[in-house]
Each structure stands twice: as structure tokens, then as C-alpha cells.
Amino acid sequence: MTIRHLRRLRIWIALVFFMLTLFLFLDFRDFGLRVIAGEVLYLQFVPSLLQFLDNATLGAAGFILVLMLTLVFGRVYCSFVCPLGIFQDLISRLARKRMANPGEKKRTSRFSGSRPHYFLWYAVLSLTVLLFFAGTGLMLNLLDPFSSFGRIVSHLFRPLVLGANNLGVPLLEQLGSHALYRVQWPVFVPAATGIALATLMVVGWLSARHGRLYCNTLCPVGALLGLFSKISMFRIRIAPDACDSCRQCQRVCKAGCIDLKEKTVDVRRCVACFNCLAACPGQGLAIQNHWRQPARQNPAKPGRRGFLIGLAAAGMGLGSSRVDAGPVNSADSSDPVDPVNSADSAVQTRPTTIPETRTGPISPPGSVSVARFSSLCTACHLCVSVCPSRILVPALLDYGLSGMLQPKMDFRSGHCNYDCKDCLEVCPTGAILPLSRENKQQVQVGVARFIKENCVVYTDNTNCGACSEHCPTKAVDMVHYLTLPDRDLLIPKVNPDICVGCGGCEYACPTKPYKAIYVDGNPVHRKAEKPVEKAVEQRIDTSEEFPF
Amino acid sequence: MDRRDFLKKTITSGIAAGSTLVFPKMGRLWAASQGAGTPAWDLVAVRGGEPDQMFDSAIAAMGGIQTFVPRGSKVLVKPNIGWDVPPERAGNTHPALVKRIVEHCLSAGAKDVTVFDHTCDNWVRTYRNSGIEKAVKDAGGRIISGDSKGYYQQVDVPMGKRLTEARVHQALLEADVFINVPVLKHHSSSMVTIGMKNLMGVVWDRGYWHRNDLHQCIADFASFRAPDLTVVDAYNVMTRNGPRGVSVNDVVSMKAQVISTDFVAADAAAAKLFGTEPADIRHIQIASDMHLGQMNLADLTIHRIRL
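Residue numbers (the numbering used here), protein chains in the order written: chain D, 1 to 548; chain S, 1001 to 1307.
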């Protein structure tokens, strides 16, 4: 294979990574790709790094592989794996077509060499690392390219796909097909959508006008990998004798890192897309092994330097793996508006009067504690996308400012399915650990609390029991309450020892505006006891006669 | 089909369709008049077989499915598919029974047999893990989603005291024949789940029922559209911790089935099987007071079959 083909290889691998990642976020019908989510996302740099800092295992070592690849081939992550990077390539490709069409001149040169913005770039990297070290992952959450991409897809593209699906349903039904079905919208969180939109606009504009400028000015991962690629083994090099400065390579270099005057390539900014290799009409470009050039550089020294940088970065991360959850925004979390039912015309006999008092946000099962979750999650919102019950929603300030947009369990639109562990299976950072089903079913993320004065049975003297119906462990059981002339009344009673905090009771409780039963989060998850199971005493004899 | 036949059918089904919209109960009259005749018994109870075998004998005793399902009709089969639990937990109607009913309907010449439920747990998993999705597809029926408000249309409940209007799934509004296939089980608030309680699965806002006198609402809604046939699955019966159940330890094997055109009678007989008096189940008593059906089993012709 000649080096010209490297570009094609890059495109194919990038498309595979991109499509798989995209589909993980968009798959609202659960086609089953989720089982290989771990493999697909193994190489995502920041998620893998965080996972490794929490629990150093081979399964979490994807970022080390990326660093090794960078040391050998340069920033291949940015062009082959990073979904936001590949997304930018798609945008700049589309933008070029649009700009080429009006047919102004002949072919305007698309890109040109540009000056680096190292100060900004390293400032972003330093600030991200320092803030992370200081205990807040906010910068990381907002700038990690994988998570940014995830939020763009979750909050902007996914609603479009769902909308198209729901528009298609009646059309297909007219034709007698029920291949499509209506799906419910995700819970709308303005801040999440707003930040996703802002990211899309910045990234989109920069990539349409300047190729990979975002990656080389604002992306902390790009900055870090740039440091590693500075000492990488195989680098693109301009052969001064063979190059006649025809600028073909410069025109296709979206990183703007080719300097034809000096005949140099800025390897820190080079994203290893290999466009230049394919564009060069002659033999002006080559890939050279820089570790075999003792005249220019000592191979051992930069290697050691890179190792130390990596070690320092990892060390900083380790020190910051504990983040305290901030105060709960009570206005946000106890918002009683039910998006599903509020539009219904049904009026309750008497509105409830006692507000629920929640002491903290509820992090998903498998996250061990709110603090651990908050320190590891990068708010990529893959769990939000895959949650079939739509109860994982981005929090605003429930986890504090540094945990902005990290998902919390919110039981306004559903409850956590007892047997489901989808979010545990897809989380790429390990913020939600992949527990076994049995273990997940014993995680107590919170405990149900009953407000008798809000309960229909108490206020109206009629049976309800919706909470107990939904309870998978019968932690909420109905007990005798009152005998009226024409009926026996039952009222809920909570057994906190076997409650898992799934929110079934809270979701089903019909009282408005405040619920009579709600789940209060456990800052540190506990282990719920298993419900006691005794075989049914009265065996019914099938040979018995009919009782009527 | 000759021209006269064609015209007759077009006109009658046109009127039936139109009147279903205006007077929901009219559809039942038309559907009944199109059938082969009245069933031989008020109620048939079977014991001792598999769910599908028991249905075969029960429906045969009733005069065959064609008594209820005219050729070319649209049938809605409404099992209980409320919970994401496997069949042995008895939280949902037994899939073998649903399958057999769909097969019978299709063999009688039904144009279309639709199955759905507004599930309590996630519907995709519930459909799958209950075994009912596969059962319906294998039998040649159509299982559709009930998981979006867009499927439900506002209707009036004419005799309703507390429940005067509801959002009802369009599959019920479009059906010529409505077969209700509840599972008999314990229920934490309505005491037992049988036929009338199963109808909560065709409406969108169940919360309203819970906060506005549950038993009254259950009975109220039964006045909206009585099922043409009620088939109570009492093969495996959850005797406590209902309606979801905690484990298989809540379940006894009762191997029974009750079918009737009178859903109040079916619920009364099933309540007896469960070991409780029909009058102690408040919504059965209310429905009886509203003259929606016969709760007193002594006044019915009952055929008892042992397999």
C-alpha cells in the first residue's frame, strides 16, 4: 500500500467508528448494538481516562492505547476515532461543496496554512487539568469532544429522528403498515439543549470556515495529544528537494499545519488525516521515522518527557476523583409539573398541600454514590439516550455547578424498570458500573417516603394503591386503614429495608400538585434487603369442584 | 358475494361504524346481529387443562368463535400485559391463551386481529418478556403499541359517575368485536384484577381513576363499551403481592378458565375462584347496581367442564 491510500483507510475507519457511535445514541428501538457499546467506545479518550483513574484495569485502558498510537502515528485519535472530529470533517466537506457550487472563480483554495494558537490551546488544557485537579470537571464536561458530540446527538439530532418517526407513523398506518410506532419525547431540559446547540454552533462555524480549528484551539484532548504527537515516531515530512510548493497539500490540510515557506509540518496540530499525502502530485511528502534520526533528536529524551507529562496528567486526575455534590436546587428537583399528565383536563378533588422535601439528587444505580458519580461522569448523555423509561435526565445544578448536566433519576415521566440495566451497560466512563442484574436489583438509590396527609386514601376515603401496584419488591404495601359502611380502606406503608428507590410509587402516585409518596436519594447508595419470599400457604387443588 | 349482499354489508357496516362513533354501545348490537346467534350458555367454566385446550372446549360450548366474530370483522383482543415479568409470574395473561384466541378469530374469518395494552412497565420489554408479542405474531395477529398519548382519543363515558370522559386507544374505537382477556390475580388496591379492572389498560390517564374513587371509575368505564366476550385466564393465579407480584412464590396453579358474554358475571365467577365473594369487590357490586351485568351466579345458566 502506498501512502496515498492512507487517506482512504482513514475515511473508512472513521466512518465505521462514527456510524457506530452515532447509532448508539440514536437507537430508540433498541436494535441490539448496545451489547458492543463497550467495544465501540473503548478508545474514547476522556471516558477511558476517567474510568482508568477510578479503577485501573485493562478494560479501561483505551486511553493508554490511544496515547501509544499517538506516540507512533500522531493524532490518529482525532481523525479516526473522535466522533466530534469526524463530524467536523463532514461539516467542512459539506460547507466546501456549498461554497464551490456558486461557481465564483475556478477552485478557490479551501484551506491555507495558518498560524498556531498555542497560547489559547494550552491555556484551555492547563485550565481544564487544573480545575479537574481542584475538584471540578466542569471544563472537561463542557469541552470533552466525545461528550460534546453525545449531547449534540442526544438533544438535537435524536428529537429530529423521533419527530420524523412520529410523522411517519400515521403515513405508514394509512398504508396499513404498523412497522413504525409512536415514541414519546425525551424530557426537555432547556440548559442541556442550549449547551448542545451552542457547542454545535461553535464547532459547526469553526469547521465550516477553518477546518479543524476547534481541535487546535479549544479541545483539551487535542492539546494533550498534540504534546504526544510532537515526539511521535512516524511523521509527515516535506522533502525540500521534491517539493515544488504547488500548495496542493496546503489546500486540503484542514488543520492548516503545513508551512511551505519553511517546508515544515506542525505535528502538534496535524490530525493525521493524510489528505496531504493523497493530494501531493509528486513525491514532495513522505512519512518518516523520526526515532531513527539521532542527528535531529534524541529518541530517549522526548519519550521520557512524554511519559512524564502523561504521568503528571494522570496524577492530577487521580487527586481529583472526589468531588462533593453541591446543594440541591430545590426549585428544580421538586418541580411538581408532570409533563405527561399536566395537559389532561382531569381535576383532582382536592389539591395536595405538603411539598415533598428532597435532600439530594438521585444518581443512577451502579454509581455507588452521588459524589463518585459526579466526579466520573462527563455528561455525554448516552445513558439518557438509552434509558427506556426516560427517567435519566440532565440535572441543572443538583450536583453543583461542576456537575452541571450530569444525569439524575427523575420520576416525573416513568420509573426505573426493576430488570433493566441499560444505563449500566453503556456508560463509557464507569461512572455507572456494570453490575449484574441481581446486584442492581439490590442497590438502594433512595428510599420512598410517604406523606399521609397528601394521600387520596386519607383525603378522600377511597382506595387508590397506585404506588403499591408499581412496587417491584412490595416495599410499599397496602395495610388496613379504616372500615367504612360500604368498604374497607387500605393505605400504603413503606418498608425502607427492601425499598430500592426505583420511583414506581412516586411515578404512579396520582396526587397533585405534590405527591403523597416520593423517593428521597441516598447520597451513598445502600444495599437493600431482598424481599422475603415464602411459598404460598394455601395450595389450590385443581381437582376441586367449582366454587359456584 | 353478489351485489345485494355487498350493498347490505356496506350499509350495515357503515351504520355500525357511524353509530359506534355516536353511540358506542350500538356497535355491539350490530356486531351481535351479524353473528350466527346467541351463545348456548351465559357462562362456561373450565378446569384442568392447558390454557389453549380450555379455551377450545369453552368456546365450543359457547357455540364456536363465529358466534362472536363475524367474517370480515376487526377484532380487538385485550389481554393484561401490564408488567415486565415472565409468564410463570402470572402478572400477565398467559401467552398460550392469547395465541389460541387470535387463531380462533382468524379462522372465523376476522379481517384483522389487534392486540395491545397500555403497560405499566416499559412496553417494549413487557410485550417481549410476557411472551405475548411472540404469541400474537406466531398466530398471525397484530400487536401494536399503546405507549403514546397520540393513540388515545377523548370519549364520553355516558353512565359515568366519577369518570365522565377518558382518552381511549383508537384500536378499541375501531374494533367491531372486543374480546377482553384478563388474568385473574390479586391486586393491592382493587382487591382483585379481573375483567373490568383490565379495561384500565385501554385508557391513557389511569392516574385519574386512582385519585377519583378507583372502584367507581372501574365500574363507570365498564359502561362505555362492554366486551363482546370476556375470557378470564385463571391458569396461574397470583394470590398475593399483586398486581405485579414479587416472585413465583406468589403464584398457585389453578388451571381454570371462565368465559362469558356478561363481563360482570365473568368477574363474579372469577372472584369466587379466587376465594372471595363478588359482593365484597366493590367495583363488581357497583357494576351490578348500574345494571351492567349479572353478579348473582345463581341466576345464570352455567356450563361446567372438567378436562
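Hints listed in this document are in silico derivations from the structure and should not be mistaken for laboratory results. Here the structure is a predicted model, which is why all the values come from computation and not from measurement. Ideal Cβ placement from N, Cα and C applies to all residues, glycine included. Treat the hints with caution; some may be incorrect.
Claimed, not checked - Listed below are the simulated DSS-like cross-link pairs for lysine-lysine, each with C-alpha atoms no more than 30 angstroms apart in a straight line:
1) D/Lys230 with D/Lys261
2) S/Lys1149 with S/Lys1161
3) D/Lys534 with D/Lys493
4) D/Lys261 with D/Lys97
5) S/Lys1272 with D/Lys534
6) S/Lys1149 with S/Lys1074
7) S/Lys1111 with S/Lys1074
8) S/Lys1137 with D/Lys512
9) D/Lys512 with S/Lys1161
10) D/Lys493 with S/Lys1272
11) D/Lys493 with D/Lys527
12) S/Lys1161 with D/Lys452
13) S/Lys1161 with S/Lys1272
14) D/Lys263 with D/Lys493
15) S/Lys1111 with S/Lys1161
To be verified - Not everything, but these chain D residues come out facing chain S in the computed CB check (under 7 angstroms):
16) Thr57
17) Gly59
18) Asn461
19) Phe548
| field | Satisfaction of hint between S/Lys1161 and D/Lys512, Cα-Cα up to 30 angstroms | value | Holds, at roughly 21 angstroms.
| task | Below or equal to 30 angstroms on CA atoms is what counts here, so check D/Lys263 against D/Lys493. | result | Cα-Cα ~78 angstroms, so violated.
| task | Return the status of the interface hint for D/Phe548: holds when the least beta-carbon distance to chain S is below 7 angstroms, violated otherwise. | result | 5 angstroms, holds
| task | Let me know if the C-beta of D/Thr57 comes in closer than 7 angstroms to any C-beta of chain S, holds or violated. | result | 30 angstroms, violated
| Are D/Asn461 and chain S close enough, Cβ to Cβ, to be under 7 angstroms, as the hint says? | Nearest chain S Cβ about 9 angstroms off; hint violated.
| query | Is the Cα-Cα distance between S/Lys1161 and S/Lys1272 30 angstroms or less? | reply | Given that 30 angstroms is the threshold and the Cα spacing comes to 27 angstroms, the pair holds.
| said: Holds or violated: S/Lys1149 and S/Lys1074, Cα atoms, limit 30 angstroms. | reply: Answer holds: S/Lys1149 to S/Lys1074 is near 22 angstroms, not above 30 angstroms.
| Under the criterion that the straight-line Cα-Cα distance not exceed 30 angstroms, is the pair S/Lys1272, D/Lys534 satisfied? | This hinted pair holds, its Cα atoms lying about 24 angstroms apart.
| Holds or violated: D/Lys230 to D/Lys261, with C-alpha atoms at most 30 angstroms apart | 20 angstroms, holds
| query | Is it true that the CA of S/Lys1161 sits at most 30 angstroms from the CA of D/Lys452? | reply | Status holds; Cα separation ~26 angstroms.
| field | Agreement of D/Lys261 and D/Lys97 with the hint, judged by alpha carbon distance not exceeding 30 angstroms | value | With Cα atoms ~29 angstroms apart, D/Lys261 and D/Lys97 stay inside 30 angstroms; holds.
| message | Please check whether D/Gly59 passes as an interface residue: C-beta within 7 angstroms of a C-beta belonging to chain S. | response | 27 angstroms, violated
Violated hints, listed in ascending order, are 8, 14, 15, 16, 17 and 18; each of the other numbered hints is respected by the structure.
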